[in-house]
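J.: Here's the letter readout for the chains.
There are 2 protein chains.
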Amino acid sequence: MNNFYPPILQKLIKALSSLPGIGEKSANRLALFLISKVSLCELLGDLLKELPYKVKLCQICRNFSEEHLCAICKDENRDPSKICIVESPWNLSQIEGVGIYRGYYYVLHYLLAPREGFGPQELGLEGLIRLIENRPIKEVVLALSPTLAGEATSSYIAKVLENYPIKITKLACGVPMGMELQYADTLTLKRAFLGREVLKGTTR
Amino acid sequence: MNNFYPPILQKLIKALSSLPGIGEKSANRLALFLISKVSLCELLGDLLKELPYKVKLCQICRNFSEEHLCAICKDENRDPSKICIVESPWNLSQIEGVGIYRGYYYVLHYLLAPREGFGPQELGLEGLIRLIENRPIKEVVLALSPTLAGEATSSYIAKVLENYPIKITKLACGVPMGMELQYADTLTLKRAFLGREVLKGTTR
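So the sequence lines, in the order shown, correspond to chains S and G. Letter 149 of the first sequence, counting from 1, is numbered 147 in the working numbering, and no numbers are missing. Letter 148 of the second sequence, counting from 1, is numbered 146 in the working numbering, and no numbers are missing.
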């Protein structure tokens, strides 16, 4: 369909089509829109070329960061007795946006999905265990999506941590089962956070 | 929501959100997807930075081209007696894809929309008139969308060209192939009826 475009336009459409959620027609529309947007093209071009090199993982919590430590791990005014385990920096941002949690985080980047090759190794729990062994941690909050993979991962982590003298909690299922966390609204997320279940430990 | 991302990620999400059809959540998803795609980021970055400088308008038909003349205007094996008027290079590509038209094109880039500031000047018809006056043109095909703006533009161009000894045609408007008649709107059905094809018999 695009064989009649100049080569650079064909290449751009092909590259845009490889992005998630962008089909050939959307890619076409985006590319044609961009032709006349000189400064937006410059900006996007620069950002994209820098992106993979600038964004690193925080050496403590594996959140995205441009430095060795992320803004949250560098913040000494947080509650050092709590760690919240999230799948992604996106989920971390959402929880920060709710504004009621002031502890630290640990970002998995994967959920258990053995069929797709994501086993316990990929979760990278060594860093988490190092934190638990070296800090005055009292509570680990499992804030994973209540999907099959999220639940399996929560159970697995709860099991790995069962012999540590810490409370392990999980987001309340105010979030409907099957919904991915990034689509939850703030209120639902807040309810889920406040009503987190105790999986291990005596009191809330 | 994204205040907890590293600055480059926030900037990229903001820039992506300014693209048509891309909201904040899609931008978020795209940006996170791209972080680990080094070569795709490089490719897209390079293409975007080149795009506005490489893509020009063909000096004859105003189709997109990386050279002074587009591939179609450089093709001497086309029928020089026909010009097809299209709104965009995208529409041109679609018609080329059909594979039954072998004449040349003229790309408007705009339709008449006086309220949005697109009047007759923006259509750039001087180039079209120059072609009609200097080439052995016998037919001008108006291939604009049958929308309010498209119809108004077709009527305007037909009027501008009324004193030239050429045939002026317009794409047939009717029920789309494969559509069940009960879903066709009244206006479409009316046009389909008025423009009905003669299958047998001499006159309408």
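Simulated from the structure, these hints should not be mistaken for lab results. Treat the hints loosely; a few may be bogus.
The list makes no distinction among identical chains, and a pair is therefore deemed to hold if it is satisfied within one copy or across any two copies.
In silico DSSO-like pairs for lysine-lysine, Cα to Cα no more than 27 Å straight-line [to be verified]:
| # | residue 1 | residue 2 |
| --- | --- | --- |
| 1 | K72 | K54 |
| 2 | K35 | K23 |
| 3 | K80 | K168 |
| 4 | K165 | K12 |
| 5 | K72 | K168 |
| 6 | K136 | K9 |
| 7 | K80 | K35 |
| 8 | K23 | K136 |
Source: prediction; values computed, not measured.
J.: Each hint: holds or not?
T.: Hint by hint, here is what the structure shows:
{"no.": "1", "hint": "K72 / K54", "result": "within (15 Å within a copy, 49 Å between copies)"}
{"no.": "2", "hint": "K35 / K23", "result": "both (19 Å within a copy, 22 Å between copies)"}
{"no.": "3", "hint": "K80 / K168", "result": "within (13 Å within a copy, 70 Å between copies)"}
{"no.": "4", "hint": "K165 / K12", "result": "neither (50 Å within a copy, 39 Å between copies)"}
{"no.": "5", "hint": "K72 / K168", "result": "within (25 Å within a copy, 67 Å between copies)"}
{"no.": "6", "hint": "K136 / K9", "result": "neither (53 Å within a copy, 36 Å between copies)"}
{"no.": "7", "hint": "K80 / K35", "result": "neither (47 Å within a copy, 33 Å between copies)"}
{"no.": "8", "hint": "K23 / K136", "result": "neither (52 Å within a copy, 34 Å between copies)"}
The structure shown violates the earlier hints numbered 4, 6, 7 and 8.
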